[in-house]
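Protein sequences appear in the order of chains Z and Y.
Numbering-wise, this note's numbering puts 112 at position 112 of the first sequence, and it's gapless, one number per residue.
Numbering-wise, this note's numbering puts 1115 at position 115 of the second sequence, and it's gapless, one number per residue.
Keep in mind the hints are simulated off the structure, nothing from the lab.
It should be emphasised that the depicted structure is a prediction, and the values quoted were computed from it without experimental measurement.
Even glycine gets a Cβ: it sits at the ideal position worked out from N, Cα and C.
Errors might be hidden in some of the hints.
Simulated DEER-style distance windows between Cβ atoms [to be verified]:
id	chain 1	residue 1	chain 2	residue 2	range
1	Y	1030	Z	167	29 to 35 Å
2	Y	1134	Z	150	56 to 62 Å
3	Z	120	Y	1009	36 to 42 Å
4	Z	36	Y	1022	23 to 29 Å
5	Y	1005	Z	46	23 to 29 Å
6	Y	1009	Z	113	30 to 36 Å
7	Y	1022	Z	166	28 to 34 Å
What follows is each chain in one-letter form.
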Amino acid sequence: MIRRRISRISGLLSIIGLAVSMGMLVIILSRSLRLSELMLSIVVTSIGALAGMYSMYLVRFANRLPRLSPRIFLSYSHKDQDIARQVAEAFRTNGARVWLDQERLRPGASIGDEIEKGIADADTFVALLSGTPSPNLLLELVMARAKGITVIPVLLADAEVPVDLQGLQYVDLRKAPGRGLEELVRAAT
Amino acid sequence: MEEFLASPAFRYALFPIGSAALGVAVKCVTRNDRYSSFQKEDLAVGLELMLTACLLFVVFTTDRALALLEANRQLADVLGAPRIDASQAAALQTQVQLLSGKLALAGWVISLLFLGLWSVSTMVRKWGWKSETEMTPLIGIAVPLGFGILALIAVMAGAVQ
């Protein structure tokens, strides 16, 4: 009860403090600047505040601009996590940024939300396919298709390719992994 | 070049906006390189700008105090000379008055800046977070950014007077 009251009072004080501080700074500025300089200052401050207000749209616009480093979402079964790490390292060596669930998912994080964010920010979706497909693969594929990003299937072993990936040219890492990895890196970066 | 750096366009527009843009850029490029994209939280540099403004003001005030000491020393020399140069003494006295006035106000300005810093940081802590990692656009980003830019402009305006 007392804690809640103190919290409410500190909130109220912070609003009053901001109003006093801002008002006094504007008064000091209006006394020391010419009208044109004061107007310029107000415009610049408003631009800053508006940029903050519409930061979501600014970020969306900025993320649409061509990137220096491509972003890759790596989908794999946990059985293949060692190979996934090697593939991710190969991408990173070539300047790409890679989304790997083992690095991104913290305990308690919503898997669906994190995957959605990862795919929303990716330029390429790479699906590593082996005998056991990732349980999230189909959901991830739907998201990747909805975003319209490039999808590259990669065969690690003789595996049944999901119907959604059957029409796509795949990269084969079964017989010559080194050459296949080079081809994959070239295609994705 | 010097004219441009002394112009109001640089002092009251390019300097504060440029400081904010640089802050955003630094925040964006120093995040974990494994996988990072530009996020709206990268624009939350208002509190850093306010802190910079506070520290800049302290530095400017120290400079003024030193200038006042120097002006007083020169005034004492002029007044102690066998023949007092009245015009030089008057000019130095005017300078001393101006600097004293500025120093008298400096305490209030620095208090206002720190009051603003405390107020905005409290507001961001209380109402600026939507979730553990996501900020609200108004209280979390826009209010600190606007106030940070205003504080930088106020400090710059005080510095050139």
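Hint-by-hint comparison with the structure:
A hinted range of 29 to 35 Å for the beta carbons of residue 1030 (chain Y) and residue 167 (chain Z) is inconsistent with their spacing of about 41 Å. In this structure the hint that residue 1134 (chain Y) and residue 150 (chain Z) lie 56 to 62 Å apart at CB is violated, the actual value being about 28 Å. Checked against the given bound of 36 to 42 Å, the beta carbons of residue 120 (chain Z) and residue 1009 (chain Y), roughly 39 Å apart, stay inside it. Between residue 36 (chain Z) and residue 1022 (chain Y) the beta carbon distance is about 26 Å. The supplied range of 23 to 29 Å therefore holds.
For residue 1005 (chain Y) paired with residue 46 (chain Z), a C-beta distance near 24 Å keeps the hint of 23 to 29 Å intact. Our hint of 30 to 36 Å for residue 1009 (chain Y) and residue 113 (chain Z) is violated, since their Cβ atoms are close to 44 Å apart. For the pair residue 1022 (chain Y) and residue 166 (chain Z), the supplied restraint of 28 to 34 Å is violated, since their beta-carbon distance comes to about 49 Å.
Consistency with the previously given hints fails for numbers 1, 2, 6, 7, ordered from lowest to highest.
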